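Visitor: Below, each chain spelled out in residue letters.
There are 2 protein chains.
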Amino acid sequence: MKAEIISIGDELLIGQVINSNQAYIAEKLNSVGIFGDKMTTIGDDENEILSAFQKAYNSHDIVTVTGGLGPTHDDITRSVVCKFFNTDSIINDEALENVKRIFARRKSVPRKINEDQALVPRNCTVIQNRLGTAPGYFFGRDGKYFIVMPGVPYEMKAMMDNFVLPFFEKHKTGLIIRHRTLKTTGIAESFLAEQIGDVHKIFSPDSGITLAFLPSSYGVRLRITAKANSVDEAENKIHNVETKLRSKIEKFIYTTGDMDLEDAVGKLLSERKLTLAIAESCTGGLIADRITNVSGSSEYFERGIITYSNKSKVDALGVPSELINQHGAVSKEVAEVMALGIRTRSNTDIGISTTGIAGPTGGSPEKPIGLVWIGYSDKNETIALQFNFGGERRIIKERAAQAALELVRRKILKITD
Amino acid sequence: MKAEIISIGDELLIGQVINSNQAYIAEKLNSVGIFGDKMTTIGDDENEILSAFQKAYNSHDIVTVTGGLGPTHDDITRSVVCKFFNTDSIINDEALENVKRIFARRKSVPRKINEDQALVPRNCTVIQNRLGTAPGYFFGRDGKYFIVMPGVPYEMKAMMDNFVLPFFEKHKTGLIIRHRTLKTTGIAESFLAEQIGDVHKIFSPDSGITLAFLPSSYGVRLRITAKANSVDEAENKIHNVETKLRSKIEKFIYTTGDMDLEDAVGKLLSERKLTLAIAESCTGGLIADRITNVSGSSEYFERGIITYSNKSKVDALGVPSELINQHGAVSKEVAEVMALGIRTRSNTDIGISTTGIAGPTGGSPEKPIGLVWIGYSDKNETIALQFNFGGERRIIKERAAQAALELVRRKILKITD
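If you read the sequences in order, they're chains X and Z. Position 120 (the first sequence) corresponds to 120 in this note's numbering; numbering is contiguous. Position 372 (the second sequence) corresponds to 372 in this note's numbering; numbering is contiguous.
For reference, chain X alone in the conformation it holds in the complex (with noise of 0.2 Å):
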C-alpha cells in the first residue's frame, strides 16, 4: 500500500518550524509495510487544502493529513475535511469530555472556541487525543484510508502509536518492506562504494533488494531495502545481503539501526567494565554531551573537562607550558598529554582528548582550520592522530567528535587500520 503525507500549515512554508512529522508518519507506516512515495505541504488555504486532497486520495490508498486542527481562525482543516467528504461536523461527547477535563487540570473553563474543539466530521471514525483538545478523524471506505491528526508533535505521535499502527498491523496485507541501516564512520562514501564494488555481485537487480548510500557528517549510513512477500522472506534477503557486505567492510560498521555511536561505544565499555574520561578542546564538550544523552552512561563515564584556555590545559590536566609554547596547543604532543593527563587524573581505564582549529579565524598556513588532532590513552599506549576536516565550525565539531568516538570503538575491538 502507498500513502501519501500531507502537511498543512503556513509556519511550514515560511519555514519558521522543521517539519519532523512527515518523518515520524512515514517511518512508522513502513514499520508496518506501508510505503509512503510523497509528502506534500501546504498553507492554510482552502482551495490549496482541497486540491492536495483530490490529488493525494486519486492516486495513493492512504492519506495522513497534519496540522490546522486549533482553535484559532487560521486553523480551517476541519471544515475542508468536511467539505472534501461532503459532510458536516457534529459535537463528539467523548472528545468535549476531554476539552473540560483539559480546562480543569489547568483550573479553567473552556470557552466556546475551546469546545468547538470537539466538533469532528459526521461518519468519521473518531481518534480520541488524551495529550491536547483536538480530535483525529480516520475515514475508510473501499479500501481507500485518510488520517486527520494534529500538527502538535507529541499529539500526533500518541496518535499514530495508540490507533494508526495498531490498526494497519491488523489489516495489513501484501508486499512486506523491510530495512536495515549499517552504520559506519571514518571511511568516505566513495571508497566505501569501491570497498563494496558492483552492488549486482551481492544482489540481482530483479531481486527486490536495494542499497543507499546516505552521508552525513557522522558518517555513511548503508541502507538495505527487501521487498518480499512474507516477514521471513524479507528478513532473510536483508540478512544474506549483510553478510555479504560485512565480508567487504566490517570494520567499517559501528552498529545497526537506531543506535548511534556513542551508544555503541558506551555498550562496549558497559560490557568491558572499562571507564572513560575525555578532555576537549576544540569539540567544546559535544564528545561528553553525546556520551551523557545514552541513559546509563554515569555507569562508564567519570568525568569530562573542556580546556579551552592554555591554562586549563596546564592547570586540570597536567601538560607542561613549554609544550605548549614549543609545538603549539594544537599538536600531536599536547593531545598525547591530554590524553594521558585525564587517564591519570581522573583514573579511568581510557582518556581521550581533542585539540584542533574549529575556525572560522585561527587558522594558519601550517595549521589550517580543520586540523584537529585525537588522543588516546590507555595502560598500554598513549598516541594522538591527525584530521583535516572539511565544513564550518560546528560541522568540524561534529566530526571531531566522530572521529573521538570511533577511535574508542576500534583501540576496544582491536581494529587496525
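Be aware that a few hints might be false.
Heads up, the list lumps identical chains together, so a pair's fine if it works in one copy or across two of them.
In silico EDC-like links for lysine to aspartate or glutamate, alpha-carbon gap of 20 Å or less [what the hints assert, rightly or not]:
1) Lys311 <-> Glu299
2) Lys55 <-> Asp45
3) Lys414 <-> Glu271
4) Lys55 <-> Asp37
5) Lys227 <-> Asp74
6) Lys28 <-> Asp61
7) Lys227 <-> Glu11
It is worth saying that the hints were derived from the structure and are not from the lab. Note that this is a predicted model, so its numbers are computed, not measured.
Assemble chain Z onto chain X, guided by the hints.
Guide: Chain Z alone, transformed into the frame defined by chain X:
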C-alpha cells in the same frame, strides 16, 4: 513570486532523515519576498521526479530542488534534470578543479566516479560548491527559475547564502514581506500571551501585520510579519509593533533574529570583558558545547568540567564528600558549591553549575526525574535555583542548559523577577 520547494531522496520518504532543508530554503526565500507555497518530497525515481518537476514548473515562478546529486548509482537528479531540460551533461572545469582540491586535502586522488561529480547540465549557470564535490545548477528562462542544489544541508546553505539569495536580492519585485522574531525563554506561552494582552490593541487587523507564537523546548518565539509596498514601510511597521511588545515583555526577550541564547550570552560576556567557567553534571557538556559553538568564545570561556561521578565533584571542584552524603549530589547545597568551586578554581568572573536527574532512571518521590538545581556564582553572590522540567532525557538536558544560560544573562543584566 511563488516558489515550490522539492526534496528528492528515499531516505526522506522512509523517515530516516528529518528534512530541515525545506524550512531553511523557505525561510531564506521569504526574506527576499519570495513565498514558498508548496513543499514536495519524492523518492529517487525518474518518473516521479520528472512529473514533480513538470507540475512545479508549470505552477510556480521558482522551483528549488535538493538531493540526489551524490556519486553513487541511486543519485539520479542530474540525469533527470538533463532530461527535463532536454539537454546533456558536460564537465565543468572549475567544478573538476574543486573535486581535485578536496581530494588533495584528504591526501587522495579522485577516481572516475568522483570526477563525474563535475558533470553539469549544458547551458545552466553552475553554482560552485567549496564544501563538497557536487556543484549546483541554476536555470533562468522566461522569468522562471529552476535551482538544483545538493541535499547535504551545509552545502545547500552555502549555495543559498552566497549565490541564490544575492541573485534574488538584486532581481526582486512586488509586495515586500518582512519578519522579525523576538526570542523569549523562561516563560510559558499562555503567560506570555497574558502579558501581551489583546494583540489588536497593538496593531489593527487590517494593518498587514501578523503575530505568531512559536513554542519549543528552548522557549517561545514571537514572530512579527509585515507586508508592505517597500522595505522601509515594512521595517517601520515591525519596529512599531516590536516597541509596543517590548514595553510589556522586555525582560523575557533575549534576542531577535538568528541569534541563539549562547550568542546573546557570549556577546554580553565579551562586551563586559567577563569570563565564564562551567561545572556540569546532568547537562553533561551541553552548555559548554553550545557556548563553544560561538566563534570567538575562547575569549570569555575559560573551561568547563563535567563532573559525572561524585569523586570528580570532590576532586575537581572541591565539593566536600560530607555535603554530598548529607544532601545528595542533586541538591541546592551541592549546586552552590559546584558553581563557587569552578569559579574560584578557574579564576573566572562567573561560575555556573547544573546537577539534576535527567532520567529515565534515578528518580524518587522526593527527587523526581526532571528536578534540576542550577548554581550561579560571581564575586558578590553564590546561589542555586530549583527547576522541575518535563520531557525525556534529551529534553531535560536542553531545558536545563537553556535555563542555565538564561540565568547568566539575567544576572549580567541585573534582571529580577
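Visitor: Could you work out which of the previously given hints the structure breaks and list their numbers from low to high?
Guide: Checked against the structure, no hint fails, so every one of them is satisfied.
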